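Visitor: Residue numbers (our numbering), protein chains in the order written: chain A, 1 to 285; chain B, 1001 to 1376; chain C, 2001 to 2554.
Certain hints may be false.
Chain B regions said to be covered by chain C (calculated; three or more residues, Cβ under 8 Å) [claimed, not checked]:
#1 1028-1042
#2 1237-1243
#3 1291-1304
#4 1336-1343
Keep in mind the hints are simulated off the structure, nothing from the lab.
Quantities reported herein were computed from a predicted structural model and do not represent experimental measurements.
Using N, Cα and C, we set each Cβ at its ideal position, and we do this for glycine too.
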Amino acid sequence: MNGSVFKRVGRVLRGQRGATNAAEGMHTAVPNEVDTTHGPILYVENVTVSFDGFKALNNLTLYIDDGELRCIIGPNGAGKTTMMDVITGKTRPDTGQVFFGQTMDLTRMTEYQIAAAGIGRKFQKPTVFPEHSVFTNLELAMRADKRVWTSLTARLSGEQRYRIDEVLMTNGLNDLRQLYAGQLSHGQKQWLEIGMLLVQSPRVLLVDEPVAGMTHQEMDQTGELLTRLAGAHSVVVVEHDMEFVRSIARKVTVLHEGSVLAEGSMDEVQNDARVIEVYLGGAPC
Amino acid sequence: MNEQNLFKRLLADDRGGQALLASLAVIAVALPILNLVVPASSALHVSTYTVALFGKYLSYALLALALDLVWGYCGILSLGHAAFFALGGYAIGMYLMRQIGDRGVYGNPNLPDFMVFLNWKELPWYWHGFEHFWFAALMVMLAPALLAYLFGWFAFRSRVTGVYLSIITQALTYALMLAFFRNEMGFGGNNGLTDFKDILGYSLQSNATRIGLFLASVLALALGYLAARYVVCSKLGRVVVAVRDAEDRARFIGYKTESYKLWIFVFSAVLAGIAGALYVPQVGIINPGEFSPLNSIELVIWVAVGGRGTLYGAIAGAILVNYAKTYFTGALPDVWLFALGALFVLVTLFLPRGIVGLLRRRRMGKTAPTNLVNSL
Amino acid sequence: MHTPLTFWRHLRIAATLLLIGAALAPGYSARAADATSPPNLADVLRGLTVSSFMQKKAASDALANVDDPRTLVLLKALLSGHLYYRKSDKQVLVLSPSGDAYAVRDAVSGKLLGSSDKDGLTKITINNQMRGSLREAIARRSLYSKDRRVRLAAVDEMLDNLTPHAVGLLRTMRESEKDPAVLAKIRTGLALADLNHGSDAQRLAAIHVLAGGMNQTARNRLRGLLRKNPDGGFVEGNATVRAAARTALASIERRIEFYTIVQTGFFGLSLGSVLLLSAIGLAITFGVMGVINMAHGEMMMLGAYTTYVVQLMMPSHIDVSLFVAIPAAFAVSGLAGIIIERGVIRFLYGRPLETLLATFGISLFLQQLVRTVFSPLNRAVESPSWMSGSLQINSALSLTNNRLYVLIFALLVFAALQLVMKKTALGLQVRAVSQNREMARAMGVRTGWVDAMTFGLGSGIAGIAGVALSQLTNVGPNLGQSYIVDSFMVVVFGGVGNLWGTLVGAMSLGVFNKVLEPWSGAVLAKILMLVLIILFIQKRPRGLFPQKGRGAEG
Ligand SMILES: Nc1ncnc2c1ncn2[C@@H]1O[C@H](COP(=O)(O)OP(=O)(O)OP(=O)(O)O)[C@@H](O)[C@H]1O
Ligand SMILES: [Mg+2]
């Protein structure tokens, strides 16, 4: 079982290269070269976000290295989703800076610009296009020139089709490709959304609670997928499922009340007195 | 790509569209023959009045098609689409006014009657150019497009959606109605533009011109349908549906969703403008009443009755409801508004997908329609 | 001297007089009965029915001295040639033109005898000498009338024609007058007189007095002081006087400007109160429940028609009809609302656009219903007497009663609604359901019942608004339509789900509209308003006072 997943992932990654090249050849909105010469690809510095006086993020500082797989945990309301909102441009920070590489100031970019620059996002609540087929969902997510007039005449290239097929094999939705996405189960929607993330070929993947609603087996597969993606991509995973986090984590950040409480390996974090206090022993130690 | 092929591919998967175009072809041939060739004494003779009535229905159908694009496909329930229709109508109306020349009541070769009546001495600047048909035809599309662009640019950029958007579109057409009622606007105030004489040199009273206008409506509707079909089958069309269902998702995979909405809104406004331009010469008048919010919302019910998000459903709905309206207002005038009111309630409660949805439900399987990526 | 018959007639007249006197001036009746009082009215009037001007003059002078509230009217009628007598019995009559004919009143009793032409009647003519003394008598009587409004009007009239005699009258009157408004007018008059004939010091003092008022005559007079002769020199030689006049004029104009602004503000608030009334029910159904009710305007229409029906049922009690109409309208519209909610809207929760369409259908239906049941034409709803008239604060500011009452009424309704929402169990449940329907249901709230009641409440308030509107506008099948766009604008502008926002939104839109109106005209002001609101919503899609929290995003 594991072996087959490995193979699939391998193909996905190779396919991705191909797609990227093809996209470049097609004169598309290629992400500006992300300057990661200093190590980190994402810089979140002193970010504060408040909603009517309530600080959802409080002077949060966080760096994600290029190619890193980072897990972010924290109790409900810690600000994890808000942090992703800030990175993807959905929420503007009151103060602080968010940079993609050395040069791109994300606080000055719109959502679609950020996405085009190479930051992909999976929502906490799976969101797909319910009235499109699984295939079309992937087609729309596919990295391409996404301007209006171009899409009036755009057609999928053979290469892109192949790429979608590959992803469909990876996420196990191949048999359901013609089904309306709205008819998928919760877990299947999660997979579809992950697939949509893959065809976008982003540099950074922000994944909010990817395994909610998945079986144990599927969780394993997801973990596998995410670890393989790391390296070529930077992956930021928010999860409540500690077991899952432990199985994939290299570096864990604990958020609490909008700022970083602790950072380190899973073991270090779990032994941190403050973290234990916050979780009240809730984590499976 | 070969024209013929494109045409075939657009309709390959579209039974409703095929039926629509076939019926359009039939009436395009049949009505003129029944009107011009069959003698008036025959039972089969179709009066010019009926031909014009059909022409009117067809222009309404084009308007419904336009609304279906934004409502059915993009989820924007515009309660102001009559404004675009009316603007197109006014544009062609201005041309027709200029064609009257010195045959007006006051016989002024330069000024339309209502301006003479208001003691105006010269033509306002925005009336210049409308003596040329090509210019008016351009304005038929440009004026609605410009309004839609300005309005949409503001509205979509600031992410006004749902009922809020509906209400401000209604306010828009309401404001325009009030504005056009003013004499100072220079569009004939209350009475609007009327007493047209001829179009492109042909008398509007003659049978042949009427048939010509009718055929133009048939052609416009057929082309409009194909264009709309092309748009909804393109990737743009799929993005638009995606925006309708999950705008955030679309944004986060890199689509500038407001541009898509704006594009489809402007395109729809242009279609509505053309519909208005076909309507006005056939009914012979355009006045500010066309801007009334009631018109816009009545139009919504045509689309709802037919079945939104299907294009041909909107067309069928427009023709059906308007036929019913003609019938009722003639036979039982008091009943019409009761019927219309009931229609609104019944359709939303029991026929959310319209007549088309009702017919389709039986056949609908679980799978999405075949992907059209490669057929285009 | 009298025949028995005339004696009885006099007795009857005296009795009538007594009654009228009792009605008009309570303090007067005692004196009227006094036997030593001057000759009675009927006798004096009889003296006028002669041809000799000498005798007539004597009679009219006597009339001026009769201590009776009706004398003033009769003197005026005599002056303006409306006094006649019947040739047959010499009964004196007052004729006032009404339509083609004349309304005829008995001069003594004031009773309306019917309308007629002048056949058989003789006009009581007067000469110039009489005219002069009549004017004087009228002025004198008016100045000492018991009614302050009569006194005010009398002084006002004198200001335009300040004869030395008039000034003398004013001087004496100043001593006894108590009413501050009348007193201020008298001072203005005396100051005007001083300005014409006084010493420089007196004139400066007079200008100072005039600077404190807003009188039109005074303004014209002051302007006159600043005018130039054709040769370029000033009409007024004294530079100090001119300077004083200039500052006085400026201060008067400032004050007038101020009151004009207050007046505009009042008109604005009045429009705002209408907007508030029409929007406040919507603030409940749309703002709190999230239901787009396009038939909201028709709920107001129902309220207005209820008022009409109530008045039909109690035609002789128009003055209290509104108090019956308010609960009736609340019940009718509220019930209609509940039926609509239970019959249609509850199947459409979560589908706002469909709700919009369905309720629009209902609005068409209701309009047509009213057209069929009543008529497509406007119906006349009467105003109770206490609603007419106006509150005259000063010459630049008067507030019409109906607008004032509607404004107060709107605020009362608003306060009552706030109470219901904040203090009652229903209010609590409504807020719970609007924030989290599932949770509320889980907690045992009967959401269906709450929905129906809330919708009924919103619609009922719309009905009450209809009662108020029936006093300000035409009641017809289109009544609702003309308010629906406005009401939505108010709710959206103020911030959905926020009653205070609706209040502020309505009032500011009302004032804003009235401020725009003078320089843009009513229609353009309305268009501008709509455009500005459209732009405003672009900037702040959640309105002036947005609802807080994530729930609002949905
Ligand atoms: N738009 C908003 N308006 C008001 N408050 C908000 C908004 N978005 C987030 N919040 C608040 O900010 C805090 C952080 O929310 P966030 O969704 O980031 O938490 P989270 O860490 O993702 O929690 P969970 O693990 O439950 O997903 C919460 O208290 C939330 O109520
Ligand atoms: Mg979260």
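Visitor: Would you mind marking each hint as holding or not holding in the structure?
Guide: Now the hints, each set against the structure:
1. 1028-1042: With 0 residues close enough to chain C, the hint is violated.
2. 1237-1243: Answer violated; 0 residues pass the 8 Å Cβ test.
3. 1291-1304: holds (count 6)
4. 1336-1343: holds (count 6)
When the structure is compared with the earlier hints, violations turn up for hints 1 and 2 and for no others.
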